[in-house]
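Asks: Each chain, letter by letter, is given below.
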Amino acid sequence: MSIAEPDSRQGAPAPKRRRFARLDRFSGNKFLIFGISVVALSIFLAAFGAAISPYDPIEATGDISVPPPPIVEWPRLFYLAVSGQLERPPHWFGTDQSGLDVFSRVISAPRADMSIALGGALISLFLGTFLGLIAGFYRNWATELMMRISDVLQAFPVFITAMILVALAGRETGNLVLALVLVYTPIFIRLTRSEVMGQSARGYVQAAWAVGNYGFKIAVKHVLPNSLVPSLVQLSVTVGFAIILTAGLSFVGAGVRPPTPEWGIMISIGAQQLILGEWWPSIFPGLAITVTVFGYAVVGHAIEQKFREA
Amino acid sequence: MSTAPILEAAGLSVSFRGKDGSETVAVDGFSLTIRPGEFVGIMGEPGCGKSTAAIALMGLVRPPGRISAGSVQFLGRELLTLADEEIAEIRGRDIGLIVQNPRTSLHPMLTVGNQISRVYRAHNKVSKKAAWQHAIDMLRMVGMNDPERRVKAHAHELSSGMTQRVLIAMAMSSKPKLLIADEPTSGLDVTIQAQFLDQMWETANHTGSAVLLVTQDLGIVANYCDRVLIMAEGRIIEEAPVWQFFEAPEQDYSRRILATQRQEGDGETIRQAHHGELEDAETIVRIAGLYKQFPIRGSDKKVHAVDDVSFDIRRGETVGLVGESGSGKTTVGRCLVRLEEPTAGEIHFHDAALGGIKRAAFVPYRKAIQIVFQDPFDSMNPRWTVEKVLTEPLDLHTDLNPELKRARVVELLEMTGLDAALRSSQPRQLSAGQQQRVVIARAIATDPEFIVLDEPTSALSPETRIEIIQLLMQLSRKLGFAYLFISHDLTTVKYICHRVIVMYLGQVVEVGDKDAVFAAPRHPYSKALLASHLFPDISDRRVDRAERVTLEGEIPSPVSLPKGCYLYGRCPSQKDACANMPQELRAMPDGREIRCWRVTEGDLEDAQS
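Those protein sequence lines, which keep their order, are chains W and P.
If you're matching positions, the first sequence starts at 1 in this note's numbering and goes up one per residue.
If you're matching positions, the second sequence starts at 311 in this note's numbering and goes up one per residue.
Please note that the accuracy of each hint is not assured.
[To be verified] Ranges between beta-carbon positions, derived for each pair:
1. Ala432/P to Phe216/W: 56 to 66 Å
2. Asp729/P to Ala155/W: 22 to 32 Å
3. Ala155/W to Glu651/P: 56 to 66 Å
4. Glu304/W to Pro551/P: 13 to 23 Å
5. Leu710/P to Phe216/W: 45 to 55 Å
6. Gln739/P to Leu274/W: 51 to 61 Å
7. Glu172/W to Ala731/P: 29 to 39 Å
8. Val252/W to Ser469/P: 36 to 46 Å
9. Val720/P to Arg148/W: 47 to 57 Å
10. Glu304/W to Ser496/P: 54 to 64 Å
11. Gly253/W to His466/P: 22 to 32 Å
12. Arg669/P to Glu304/W: 53 to 63 Å
13. Asp447/P to Glu304/W: 45 to 55 Å
14. Arg148/W to His466/P: 49 to 59 Å
[Said to hold, decoys possible] Listed next, the in silico DSS-like pairs over lysine-lysine satisfying Cα-Cα at most 27 Å (straight line):
15. Lys217/W to Lys677/P
16. Lys668/P to Lys217/W
17. Lys221/W to Lys668/P
18. Lys221/W to Lys462/P
19. Lys221/W to Lys439/P
20. Lys462/P to Lys435/P
21. Lys217/W to Lys462/P
22. Lys435/P to Lys306/W
23. Lys462/P to Lys439/P
24. Lys677/P to Lys715/P
[Unchecked claim] Incomplete in silico selection of chain P near chain W, CB under 10 Å:
25. Pro551
26. Trp553
27. Gly665
28. Arg669
29. Arg676
30. Pro686
31. Val699
32. Arg716
Hints are computed from structural coordinates only; laboratory data are not their basis.
For glycine and all other residues, C-beta sits at the position ideal for the given N, C-alpha and C.
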């Protein structure tokens, strides 16, 4: 460290450390493009998924438990569907035991899943960053009390807390978001607080006082912009976990009400059919969750890389 | 003394292979002969290959480097072709190595006695018990007090000075013929540094071993070395006996580093021209009875950082505040600019009493009272541009329109010798010297009257240091700033200050005119501090002095302060009465102030003359 630092200060291009060359390649452009695409697609489907789905996601078709067409057939089916030679669109992912089109439900589900997960995570980010900034900048009994409360909140298992809250307050979307906020805000408080405390000891914050700034203005103007990176990285991870939590709550029946298209409900319903060999109603929503969570994680990793250099 | 060389290196080259297969030559044709009893210094800028060359003499190179050519004869044996086991036997037994960072060189989980005796047993067939006893003896030899207790300590229980002594004890445990020391005293306080180098010099002289010292400090070279090698870009560009090097350096480069480190040039004339004007200058800053205590968490004890400090500063004056780390000098500076709340005491700025006022009420005075920090990069918001950094004080204290602010930023950059084009750069794109210039520009943006300079040059290279000092002096002369120059670098203090304040353990022990204090320090601590400081001057080498004034041991903890004189226990001229007699700072007839009853009552002066 003592050797590397003067170099970078002289403004010479410091040699980039390549200790984990493999990991670097892993986080390279291809993965980043994948991650960004997933994030973009998830938001797009949250807005327009229901509108572009080939079938109504909550209305049964006549076909019950139809398996998806074999994958080699898909190009031909796609061509036929686009050229209007089919009288009904194909059931790409098959149908479930009630005759609902799985594909339509998978692409309509982000409306519920993403709005709850993104909403919960973003509100947690803003609230947690703000409270963490206060807690890290002013250290007195009031902020200590706040930290102890957030410790207590964090001490409960995430899933149990959310279940209890939803059970008490009702299975409304707003309550689900509130549950996520209660569960995830303490993480952002703690992250921001420790970063703010570290940054406050830095010379530039001392210099900000010496130049003539005063009070909380220093926290907002100098400390906050330099304390955001850990929270931004955590945001994308949190969105991933929030998706899993939302789906998980629905899976156990404490989340979104059926028949609203939602990945957790789909897995829950589809899982009962697995024993009959009907894998498609549950596997496709499961894959959707996996890909989405992974995509957000990749973007989070990229944010971290980007801002570490700066 | 035999004159057969201990070590003879010829044409030693070290190269590093890059990822793309290219070879970088770090050391090129290094040749050196060391004879018994010699103290040889290697100097050069950072990155010139001096450390690499020194450890390559032991056949060691950090990967991915390799020794590409040359030979090293050690007592007549060729080292570089020896098998690994054979050369390992020589390292540690016949060649000792002391590296730069003592803290990270010790194993954190083993006692120091264990580590010293392991090294000793690796080369000598002795019992564990005998090796343990040897470790105690070695610790005693390197001046560690209470070695029986310290031998059982772990690295984290020791101060950095003691850790460094453990390393030297380890390196010398087998009485090596050659000791290679790579900047062994960087980061140590001057009194500890002097103790340590004295120890090495004694050992080399008495046992006929030799020392090879890698350093950037001309003071160390001037005071201890017999011979000096100057390296640049991997080559030796000059090799000369130390007196010849200082009297008549051959190379331009050598002349330049000599000039910068000796701080020649127009320094004296600046000072003299300045001096006369100050006689009737008004006092602008006056502090009286300043205390600062830091409570220790989870205990009712306190760290007494500043303990009854009083002094004043006149318009345009530069006052040096010197002392070792832990003396409280930085805390005094921080209290003056209200980055710390003083526990008690008065701070006057002109007629305004600022000691007790609220932090918010201090804000308007920040226009006139500024500070420059030690680490320039750290003291700027890393995400801001230079322009934004320099505009901030203007936004806070002036109501100039954006046009005028931009003009002022350009003017500030010009005043501090920077190109106006740099204003859109970010701090990390600037060199350390440029960064410090920006920080200075920020400090002078609102035309302050008084600036605290908190070790403004200690993070800079020797050449940049002198440029910054010259800039500060030039600004003060032109704009009439008063400075409180906080530093442990006495060479610079001697060069720029009008008056000097010496602090020890939170107290002022001596105040006086710079020339008077440097010519004849009177407080025992000031004497030891000045005697320990290694001025780059070969006319008064520390090793040639009949009596080397040192302090015993280390600075006591500021948590439980001594009852009487704070220097009791370390002072070379203490009397029993000092143990229980708190000392007061008394003014002397000649205008100096001294905190020692033996001096103020004429007792000590009599004893010596």
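Asks: So, for every hint listed, does it hold in this structure?
Replies: Taking the hints in turn, this is what the structure says about them:
no., hint, result
1, Ala432/P to Phe216/W: 56 to 66 Å, "holds, 59 Å"
2, Asp729/P to Ala155/W: 22 to 32 Å, "violated, 57 Å"
3, Ala155/W to Glu651/P: 56 to 66 Å, "violated, 36 Å"
4, Glu304/W to Pro551/P: 13 to 23 Å, "violated, 56 Å"
5, Leu710/P to Phe216/W: 45 to 55 Å, "violated, 25 Å"
6, Gln739/P to Leu274/W: 51 to 61 Å, "holds, 59 Å"
7, Glu172/W to Ala731/P: 29 to 39 Å, "violated, 59 Å"
8, Val252/W to Ser469/P: 36 to 46 Å, "violated, 59 Å"
9, Val720/P to Arg148/W: 47 to 57 Å, "holds, 52 Å"
10, Glu304/W to Ser496/P: 54 to 64 Å, "violated, 34 Å"
11, Gly253/W to His466/P: 22 to 32 Å, "violated, 55 Å"
12, Arg669/P to Glu304/W: 53 to 63 Å, "violated, 36 Å"
13, Asp447/P to Glu304/W: 45 to 55 Å, "holds, 53 Å"
14, Arg148/W to His466/P: 49 to 59 Å, "violated, 31 Å"
15, Lys217/W to Lys677/P, "holds, 18 Å"
16, Lys668/P to Lys217/W, "holds, 17 Å"
17, Lys221/W to Lys668/P, "holds, 22 Å"
18, Lys221/W to Lys462/P, "violated, 50 Å"
19, Lys221/W to Lys439/P, "violated, 62 Å"
20, Lys462/P to Lys435/P, "holds, 22 Å"
21, Lys217/W to Lys462/P, "violated, 50 Å"
22, Lys435/P to Lys306/W, "violated, 56 Å"
23, Lys462/P to Lys439/P, "holds, 14 Å"
24, Lys677/P to Lys715/P, "holds, 16 Å"
25, Pro551, "violated, 31 Å"
26, Trp553, "violated, 32 Å"
27, Gly665, "violated, 18 Å"
28, Arg669, "holds, 7 Å"
29, Arg676, "holds, 4 Å"
30, Pro686, "holds, 9 Å"
31, Val699, "holds, 9 Å"
32, Arg716, "violated, 18 Å"
Going down the numbered hints, you'll see the structure goes against 2, 3, 4, 5, 7, 8, 10, 11, 12, 14, 18, 19, 21, 22, 25, 26, 27 and 32, while the others check out.
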